[in-house]
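Make one complex out of these two single chains by using the hints.
Chains as they are written, first to last, in my numbering: chain E, 8 to 147; chain Y, 94 to 233.
Among the clues, some could well be false.
Said to hold, decoys possible - Here chain Y is said to cover these stretches of chain E; the calculated rule only asks that three of the stretch's residues, wherever they fall, bring their Cβ under 8 Å from a Cβ of chain Y:
1. 11–21
2. 44–51
3. 127–141
FYI, nobody ran anything at the bench for these hints, they're computed from the structure.
For glycine and all other residues, C-beta sits at the position ideal for the given N, C-alpha and C.
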Amino acid sequence: MQQFTPVAGLVGGVLIALGLAVILIGSGRIVGLSGVAAGLINPHRGGDRAWRLSFLIGALAVGAIFELARPSTYDAAAPHGVVVIAISGLLVGLGTRMANGCTSGHGLCGVARVSKRSIIATLVFFAVGVVTATLVGRLA
Amino acid sequence: MNPLALLGGALFGAGVCISGMVKPSKVLGFLDFASSWDPTLLVVMASALAVMIVAWRIVAHRRSPLLGGSYPEPPSPLVDARLIVGAAVFGIGWGLSGYCPGPALVAVVAGVPATFVFVATMLAGMFAIESREQATRPDA
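Just chain Y, with the same shape it has in the complex (with noise of 0.2 Å):
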């Protein structure tokens, strides 16, 4: 067990369920257009923004991490069909849903059966790409 990721997900988890965005309808309330629009997740964005920029800072302000390793490199700039067909699949996926990753792993715990279905298939999804990059890209 890793006591720093323990926390960084007690953290995270805490976050998604006091933010709404472990409810589809709140999630969905934002992204459909249509219905009584509410805007409460661009207030989790934004809030969430500020304080990873911050944090970014800190690493910037930093030579290593506190626990040993090292800190990322530079972002690539690659920008490619992947990238983009990519961020399009998921965008279709959230839309459909209101489900992302992150809130759909937490939100198991309330027993809803189709969220089991959503994780279910979305690992299958990952595992798809995952094990074909295993082939083509052994450094993936």
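In isolation and in its complexed conformation, chain E is listed as follows (with noise of 0.2 Å):
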């Protein structure tokens, strides 16, 4: 049903980095995801409110101006009910804070850096990603 696009996931993927990669180079931050979200919601974390707010709205207003002007962007409805969707996110959220990282962080950030805890778990979560999706995917 998806086609393979390399094109727009090469160009993709160069961006999404670029945004990490200019908060490294120019402010030393190791920009993960999950800390931007995890940060906002602890209140013990003030210090780094106004940056992790500022990235967040950086990207929703691209994300608006996308859904705007190509609303084919996103999917329209998700791709599992309500339930399996908020055990979904559930799961994401407590399994990126234990790990203290997610996709962006361990997958790009510290992989790219070689960082051991970094290379492990992105194995462990792509590999527990396919094995679920792909047990899922025959149960639907």
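Below is the structure:
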């Protein structure tokens, strides 16, 4: 159903990384999206709130422009019912904070600096993600 | 408002939209090996990693960030059960829905109700870990 879109993937991947890279080079911060989100809801991590909020506002503003200009950017419906989506969100929230990173923090920032923790975390979440999605795809 | 973080967020937002990573169907098209397999996600990861490797090279050749502060310490070598379990829990959540934290936050602008449910339970999961952290590890 989905088509292979290598050019869009390449351009998008470069832009995703540039977003993380300008902040890394400019201010020395490792940006991970689970950390950005968690920092905003944890009142004890107030010091970095301004830049986290700025990052999210920038990302959401551009996301909104895409929604207006090209609605097909987004899926019109979720892949599963609301209960599965709710469980999925909970597991993503718990897991990324236990592991201290997600696809951006471990998968991109960490792996690129050859962090052993990040490489192992990335291998684990990719492997488990593939097994889970393939099993669920079979059942559905 | 932090201009650098705003720029980084805008680039990141454009990247996840152009690459298709804001679409759970696109991500599951990769993670579900039993489907008509779509390797786009691999292209996204590879191109983003290439940029991040260059970014870390630049960091290694600079004394301090352009806008002040300091560059991150070398990565921790600690690989513990918490990292592995967290990554596995994240992997299950990711494989269930095809959403990881960054793209899910951006996709909220498309107004699909399930995306709000995902983000709400994700933040709840993050908060559960973050608040516990505060009680046991004051430095967190």
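Hint check:
no.	hint	in the structure
1	11–21	holds (count 10)
2	44–51	holds (count 5)
3	127–141	holds (count 14)
Of the numbered hints given earlier, the model fails none.
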